[in-house]
Amino acid sequence: MSQHITKKKEYGSSLHSKRRNEIVKKVIIYIILIVIAIMMAVPFVWMLSASIKSDREVFQMTPFVLIPENPKWSNYRDIWTKIPLIKFVGNTVLLTIVVTILQLLTSSFAAYAFARLNFKGRNGLFLAYVATIAMPWQVYMVPQFLMMRRFGLNDKLLAIICLQAFSAFGVFMMKQFYEGIPMELNEAARIDGMNEYQIYAKIMLPLSKPALSTLTIFTFVNTWNDYLGPLIYLKSVEKKTIQLGLKMFISQYSSDYGLIMAGSVLSLIPVIVIFLILQRYFVEGVASAGIKG
Amino acid sequence: MSNVKNMDIDLMQNELNETMNALMNGDYEGKEKKKVLARIERIQRKLSKKRSGTVLSRAFKRDLVAYSFIAPNFIGFAVFTLIPIVFAFALGFLKWDGSNAIEFAGLDNFKRMADDTFFWAALKNTIIYSVGTVPLTMIASLALAIILNQKVKGRAIFRTLSFFPYVGSLVAVTSVWKMLFHPSKGPVNAFLYYVMKIPQDKLPQWFSGSLVLVSLILFSVWKYMGYYMVIYLAGLQGISSELYEAASLDGAGTWSKFRYVTWPQLRSTTFFVVVMLTINCFKVYDIAIMLAGGGSGELTPSGTVLVYYIYQKAFIDWDLGYSSAVAMVLFTIVLAVTIIQFAGQKRRDR
Numbered sequence: 000m001s002q003h004i005t006k007k008k009e010y011g012s013s014l015h016s017k018r019r020n021e022i023v024k025k026v027i028i029y030i031i032l033i034v035i036a037i038m039m040a041v042p043f044v045w046m047l048s049a050s051i052k053s054d055r056e057v058f059q060m061t062p063f064v065l066i067p068e069n070p071k072w073s074n075y076r077d078i079w080t081k082i083p084l085i086k087f088v089g090n091t092v093l094l095t096i097v098v099t100i101l102q103l104l105t106s107s108f109a110a111y112a113f114a115r116l117n118f119k120g121r122n123g124l125f126l127a128y129v130a131t132i133a134m135p136w137q138v139y140m141v142p143q144f145l146m147m148r149r150f151g152l153n154d155k156l157l158a159i160i161c162l163q164a165f166s167a168f169g170v171f172m173m174k175q176f177y178e179g180i181p182m183e184l185n186e187a188a189r190i191d192g193m194n195e196y197q198i199y200a201k202i203m204l205p206l207s208k209p210a211l212s213t214l215t216i217f218t219f220v221n222t223w224n225d226y227l228g229p230l231i232y233l234k235s236v237e238k239k240t241i242q243l244g245l246k247m248f249i250s251q252y253s254s255d256y257g258l259i260m261a262g263s264v265l266s267l268i269p270v271i272v273i274f275l276i277l278q279r280y281f282v283e284g285v286a287s288a289g290i291k292g
Numbered sequence: 000m001s002n003v004k005n006m007d008i009d010l011m012q013n014e015l016n017e018t019m020n021a022l023m024n025g026d027y028e029g030k031e032k033k034k035v036l037a038r039i040e041r042i043q044r045k046l047s048k049k050r051s052g053t054v055l056s057r058a059f060k061r062d063l064v065a066y067s068f069i070a071p072n073f074i075g076f077a078v079f080t081l082i083p084i085v086f087a088f089a090l091g092f093l094k095w096d097g098s099n100a101i102e103f104a105g106l107d108n109f110k111r112m113a114d115d116t117f118f119w120a121a122l123k124n125t126i127i128y129s130v131g132t133v134p135l136t137m138i139a140s141l142a143l144a145i146i147l148n149q150k151v152k153g154r155a156i157f158r159t160l161s162f163f164p165y166v167g168s169l170v171a172v173t174s175v176w177k178m179l180f181h182p183s184k185g186p187v188n189a190f191l192y193y194v195m196k197i198p199q200d201k202l203p204q205w206f207s208g209s210l211v212l213v214s215l216i217l218f219s220v221w222k223y224m225g226y227y228m229v230i231y232l233a234g235l236q237g238i239s240s241e242l243y244e245a246a247s248l249d250g251a252g253t254w255s256k257f258r259y260v261t262w263p264q265l266r267s268t269t270f271f272v273v274v275m276l277t278i279n280c281f282k283v284y285d286i287a288i289m290l291a292g293g294g295s296g297e298l299t300p301s302g303t304v305l306v307y308y309i310y311q312k313a314f315i316d317w318d319l320g321y322s323s324a325v326a327m328v329l330f331t332i333v334l335a336v337t338i339i340q341f342a343g344q345k346r347r348d349r
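As you go down the protein sequences, you meet chains A and B in turn. Residue numbering for the first sequence follows numbering that gives the first Met the number 0, beginning at 0 and increasing consecutively. Residue numbering for the second sequence follows numbering that gives the first Met the number 0, beginning at 0 and increasing consecutively.
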C-alpha cells in the first residue's frame with residue numbers, strides 16, 4: 000500500500016517538473032520575442048514620435064517624451080511645400096501601379112505556358128529566365144542604361160517601367176505555384192471545350208491568389224522603395240520619385256529632423272497598407288510558390 | 000499518291016512501336032533513355048503532321064498558343080535584361096566613354112584593377128560585409144522562424160512586426176538609424192555615456208572609420224531578417240509533424256529534435272536563403288551610401304563597396320569598359336559562391 004503511494008508521488012513530481020520546464024521554456028521564448036519586437040518597433044516608434052517634434056525636442060533625452068506637449072503637426076504640412084512632394088508621390092504612385100499590374104499580368108501569363116503547355120524550346124526559354132535570377136541587376140545596369148538612352152528613354156518614367164516590369168523572378172514564382180495545382184483541373188476543362196486562354200483566366204488565375212498576393216507585395220515594395228534605378232534614369236526634379244525626393248531633402252536640410260521624419264512616415268504608409276492587406280496570403284504564397292527551393 | 004502516304008505512315012508507326020517496346024523492356028538507361036524519348040516525340044510529331052496533312056500542323060498551332068502566352072513577358076525580358084547582359088560581357092573588354100569611338104581593350108581593364116587601390120578596398124569591404132551579414136542574418140531569421148512557428152500568443156503581430164523593416168524604404172529607415180546612432184546626440188550613445196559611463200571621446204563613431212562595416216552589417220541583419228524568416232517559416236511548415244512525433248517517442252529533447260529533424264529537413268531552404276543572401280550582400284550599394292555616405296552620397300575607402308565603384312566609374316567618370324570589368328568581377332564572385340553552395344548541397348544529398 001505504502002509502495003503504491005510513493006510511486007504515485009514520484010509520478011506526480013515528475014509531471015510537476017515537466018510542467019515547470021514547459022513554463023520556463025515559454026517564459027524564455029516570450030522574453031526573446033519581446034526583445035526582438037522592441038528592436039523591430041523602436042525605430043518606427045521613434046520616427047513617429049520625432050515627426051511631431053521640433054528640432055530641439057528630437058534629441059532631448061532627459062526626460063524623453065514620446066508625444067511632446069505641443070505636437071508640431073505643422074511638420075506634416077510643411078513637408079509638402081518645402082519640396083514638390085505631391086509631384087514625387089504622383090510619379091511614384093503611377094510607376095508602382097503600372098509596374099505591379101504589368102508584372103502580375105505578364106508573368107502569370109508566361110508562367111501558365113511554362114507550367115501547363117508543351118511546346119518547342121520550352122526548356123531553353125525557361126533556362127534563360129532561371130539563369131538571370133542569380134544575376135545581380137547591378138552587373139548589367141550600365142549597358143542597360145546605354146541602351147535605354149539610345150531608345151530615348153533617359154529621364155523618362157517609362158524607363159523605370161521597362162526596367163521593373165518584366166522580371167524573371169515573377170515568372171519563376173508563378174510557374175512554381177501553378178505546378179502545385181492539380182493537372183486534372185486542366186484536363187477536365189479541356190474536355191469541357193475550354194481553350195487555353197479560358198482555362199488561364201477562369202481556373203488558374205482565381206486559384207493563384209496567394210502567389211499573386213505575394214508577387215504584388217514584392218513588386219510593390221521593390222518599385223516603391225527603389226533608389227538606384229530612379230537615381231540613374233530620372234534626372235529632372237519633376238520626374239523624381241519619393242525616395243529620390245526624400246534623399247534630396249535630407250542632404251539639403253540635414254538638420255530638419257522633424258520634417259525628415261514626417262516625410263519618412265508619409266513614404267512608409269502605402270507599403271505598410273499594401274502589406275497589411277495582403278499579408279494573410281503571404282506565408283502560404285511563399286511556401287506554395289516553392290521559393291523555399 | 001495517297002497509297003505512298005499511307006505506306007509512309009505505316010512505316011513510321013512501326014518504327015515508333017518498336018522503339019516504344021524496346022523502351023518498355025528497359026533496353027535503354029539514363030542518357031540513352033532521354034534520347035530515345037526525344038526521338039519518339041519527334042516521330043509522333045511527324046506522324047501527326049502527315050496525318051492531318053495541313054500546313055499548320057496541330058503541334059505548330061499548339062506552339063503558337065504557348066508563344067502567345069510567353070511573348071508579352073519574354074519580349075520585355077529579352078530586350079531589357081538578356082541583351083544588356085550580353086552587352087555587359089562585351090563591354091568589359093572595350094574602352095568607351097559613351098560618345099566617342101569604341102576601342103578594343105582586350106584584358107587591359109582587368110590588368111588595371113591590379114594596381115587600383117580603391118577597387119581593392121571596395122572588394123575587401125564587400126567581402127567582409129558579406130561574410131558578416133550572411134551567417135548572422137541566416138541564424139537570426141532561422142531562430143525567429145522556429146520561435147514564431149510555435150503556438151505563442153500574438154504570433155501574427157510578431158510576424159507582421161518583424162516584416163516592417165523589410166517593407167520600409169531604405170531612405171526612411173536609414174535616416175532613423177542615423178538619428179538613433181548619432182555620434183553626439185543619438186540615444187544609443189547617450190545611453191553609453193550616461194549609463195555605461197563611457198567617456199565622451201571614446202564614444203563610438205558608428206558611421207565613419209573602422210565601425211562603418213559593423214554598422215552596415217547590424218543594419219542589414221535588422222532590415223532583412225524578417226524577409227528570410229518568412230522563407231524559413233514556409234520551410235518549417237513543410238516538415239511533417241510525424242517526424243517530430245517519432246523523435247519524441249525516441250526521447251529526443253528540444254536540441255536533438257532541432258539537430259536531427261529540423262536542420263536536415265530545412266537543407267534546401269537554407270541553400271536558397273544562403274544563395275539569395277550572398278547575392279544580395281554582394282550587390283549592396285544604397286545601404287552604404289545612405290548610412291556612410293557624405294552629403295552627396297560619396298563614400299571614403301573605409302566604407303566603399305563594389306557597386307558604388309561600378310556606379311562611380313560609369314556614371315561619374317564615364318569609364319564604361321572599366322566599370323563593366325568591375326561588374327564582371329562581381330558577377331564571377333556571385334556565380335562562384337552559388338556553384339560552391341550548389342555542389343555542397345549535392346554532396347550532402349548523396
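Hints were generated in silico from the structure; no laboratory data involved. From the three backbone atoms N, C-alpha and C, an ideal C-beta is built for every residue, glycine too. Errors might be hidden in some of the hints.
As the list claims (entries may be wrong) - Partial list, computed: chain B residues near chain A (C-beta under 8 Å):
1) Phe68
2) Ala87
3) Ala100
4) Ile101
5) Phe103
6) Ala104
7) Gly105
8) Pro164
Said to hold, decoys possible - Covered stretches of chain B, as calculated for chain A (at least 3 residues, CB under 8 Å):
9) 182-193
10) 312-326
Evaluated hints:
1. Phe68: holds (4 Å)
2. Ala87: Holds, about 4 Å.
3. Ala100: Result: violated, 15 Å to nearest chain A Cβ.
4. Ile101: At 11 Å from the nearest chain A Cβ, Ile101 of chain B fails the 8 Å test, so the hint is violated.
5. Phe103: Since the shortest Cβ distance to chain A is 16 Å, the answer is violated.
6. Ala104: violated (15 Å)
7. Gly105: violated (19 Å)
8. Pro164: With a closest approach of 6 Å, the Pro164 of chain B hint holds.
9. 182-193: Per the Cβ count (5), the hint holds.
10. 312-326: holds (count 6)
Violation of the numbered hints given earlier is confined to hints 3, 4, 5, 6, 7; the remaining hints are satisfied by the structure.
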